[in-house]
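Protein chains in written order, with the numbering used here: chain A, 252 to 362; chain B, 1496 to 1608.
FYI, nobody ran anything at the bench for these hints, they're computed from the structure. There may be inaccurate statements among the hints.
[Claimed, not checked] Simulated DEER-style distance windows between Cβ atoms:
1) Phe1564(B) x Asp259(A): 35 to 45 Å
2) Gln1513(B) x Thr306(A): 43 to 53 Å
3) Gly1557(B) x Ile260(A): 42 to 52 Å
4) Thr1575(B) x Thr357(A): 31 to 41 Å
5) Asp259(A) x Asn1554(B): 25 to 35 Å
[To be verified] Listed below are several chain B residues computed to face chain A (Cβ distance under 8 Å; list not exhaustive):
6) Gly1523
7) Leu1538
8) Asn1551
9) Leu1585
10) Thr1595
11) Phe1599
12) Gln1601
13) Gly1602
All C-beta atoms, glycine included, are put in the ideal place defined by N, C-alpha and C.
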Amino acid sequence: AQSVTQPDIHITVSEGASLELRCNYSYGATPYLFWYVQSPGQGLQLLLKYFSGDTLVQGIKGFEAEFKRSQSSFNLRKPSVHWSDAAEYFCAVGVNYKLSFGAGTTVTVRA
Amino acid sequence: KAGVTQTPRYLIKTRGQQVTLSCSPISGHRSVSWYQQTPGQGLQFLFEYFSETQRNKGNFPGRFSGRQFSNSRSEMNVSTLELGDSALYLCASSADRQNTEAFFGQGTRLTVV
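All chains, please: the whole structure from these sequences, using the hints.
Quick look at the structure:
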């Protein structure tokens, strides 16, 4: 069965600093890969997705992610974090019409 | 274009009761999925429907059921509620058959007392 691992439960970053969130997946083939963000009390918003092709994908809100097949990773990055980026971030794998999510990484932004 | 609408937003039920949650997908979307989110188990897949057919089901007991109507609206039902069913239930819709991009509603917060 596919699985998704987000090694970092909580990350604190200063406003204006860069951010990288890690994601590793386990699956036989290359699945659909996604990053979602969730603000408190809200649903999930799609940041970006990867299906095939260029391994560096751009998303909304200035986020990007890089797919590395050799490492089974799909890490999310943002060059300069804004206070509004404080939220919980989920990496997900899409297979057989369902999403399997990682446990999530909570991002705190300090002034 | 309206997003995914889930009703009600909040619900309090007593153990042993049953509950029905509703999801209206984005207009034109034919795939609807349901997820349960809890602090302990995270986000877990419940089921997915496309054109009224259930295509995949998660590892939940039979007390959890769902259906999709011809207008793509979906409902999920939980019978004989347990305290552990307290969770945020999220619905997502997708436009394509492969379910490649899911748009989530704000969820229904169910509290079982």
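Hints, verified against the model:
1. Phe1564(B) x Asp259(A): 35 to 45 Å: 41 Å, holds
2. Gln1513(B) x Thr306(A): 43 to 53 Å: Cβ of Gln1513(B) to Cβ of Thr306(A): about 47 Å, so the range 43 to 53 Å holds.
3. Gly1557(B) x Ile260(A): 42 to 52 Å: Violated - the Cβ-Cβ distance for Gly1557(B) and Ile260(A), about 33 Å, lies outside 42 to 52 Å.
4. Thr1575(B) x Thr357(A): 31 to 41 Å: Since Thr1575(B) and Thr357(A) have Cβ atoms about 34 Å apart, the given range 31 to 41 Å holds.
5. Asp259(A) x Asn1554(B): 25 to 35 Å: Holds, since Asp259(A) and Asn1554(B) (Cβ atoms, about 26 Å apart) stay within the stated range.
6. Gly1523: This interface hint is violated because 17 Å lies over the 8 Å limit.
7. Leu1538: 4 Å, holds
8. Asn1551: With a minimum Cβ separation of about 5 Å from chain A (threshold 8 Å), the hint on Asn1551(B) holds.
9. Leu1585: 6 Å, holds
10. Thr1595: 6 Å, holds
11. Phe1599: 4 Å, holds
12. Gln1601: Holds - the Cβ of Gln1601(B) comes within 8 Å of chain A, reaching about 5 Å at its closest.
13. Gly1602: 5 Å, holds
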